[in-house]
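**Student:** Sequence:
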Amino acid sequence: MVFAHGTCVVFPGPGPAADLAEQAVEILREYGPARAGGPAGDFGVVALDPGPGWVVYGHHNDVLTYVEPDEVPDSTDLAVGLCGRSKRDRDGRELEVVHVEDKRP
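For the sequence shown, the working numbering gives the first residue as 1000, with consecutive numbering after it.
Calculated directly from the structure, the hints in this document are not laboratory data.
Check each hint, because a few of them may be wrong.
Pair ranges (Cβ atoms, derived) [unchecked claim]:
id, residue 1, residue 2, range
1, Pro1051, Pro1015, 31 to 37 Å
2, Gln1022, Pro1104, 14 to 20 Å
3, Leu1077, Gln1022, 27 to 33 Å
4, Ser1085, Gly1050, 17 to 23 Å
5, Lys1102, Ala1035, 32 to 38 Å
6, Pro1051, Pro1104, 31 to 37 Å
Note that the structure is predicted; figures quoted are calculated from it, not measured.
Every residue gets a Cβ at the ideal spot worked out from N, C-alpha and C, and that includes glycine.
Could you put the whole structure together from the sequences, leaning on the hints where they help?
**Tutor:** Have a look at this one:
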């Protein structure tokens, strides 16, 4: 599932009857909004190789946010991570799914 500001929720092994969009919204509702002073404010950054851009991850293994190079003033992990966390926060509050990809058999 991809949300409006670039946050993705991935499901490594969804059940056959699972409503993926509904599950993604529930996960992002809980784990999307950034809250200072707790794990929701923490993040890590992975540079995409080959690029361009980065993936920012947080306190839920299945929630990732894509950051494009033109979205940040510099390419430090701090700048990229803060941008990604902000995008995840917006997605976690707005909950607008823009793409669903279901590869189940």
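**Student:** Work down the list of hints and note, for each, if the structure agrees.
**Tutor:** A quick look at each hint next to the structure:
Between Pro1051 and Pro1015 the beta carbon distance is about 36 Å. The supplied range of 31 to 37 Å therefore holds. For Gln1022 and Pro1104, the Cβ-Cβ distance of about 18 Å falls inside the hinted range of 14 to 20 Å, so the restraint holds. The hint said 27 to 33 Å for the Cβ distance between Leu1077 and Gln1022, and at roughly 32 Å that hint holds. Range check, Ser1085 to Gly1050: about 21 Å between beta-carbon atoms, so the 17 to 23 Å window is met.
Between Lys1102 and Ala1035 the beta carbon distance is about 37 Å. The supplied range of 32 to 38 Å therefore holds. Judged by the Cβ atoms, the range 31 to 37 Å given for Pro1051 and Pro1104 holds: they are separated by roughly 33 Å.
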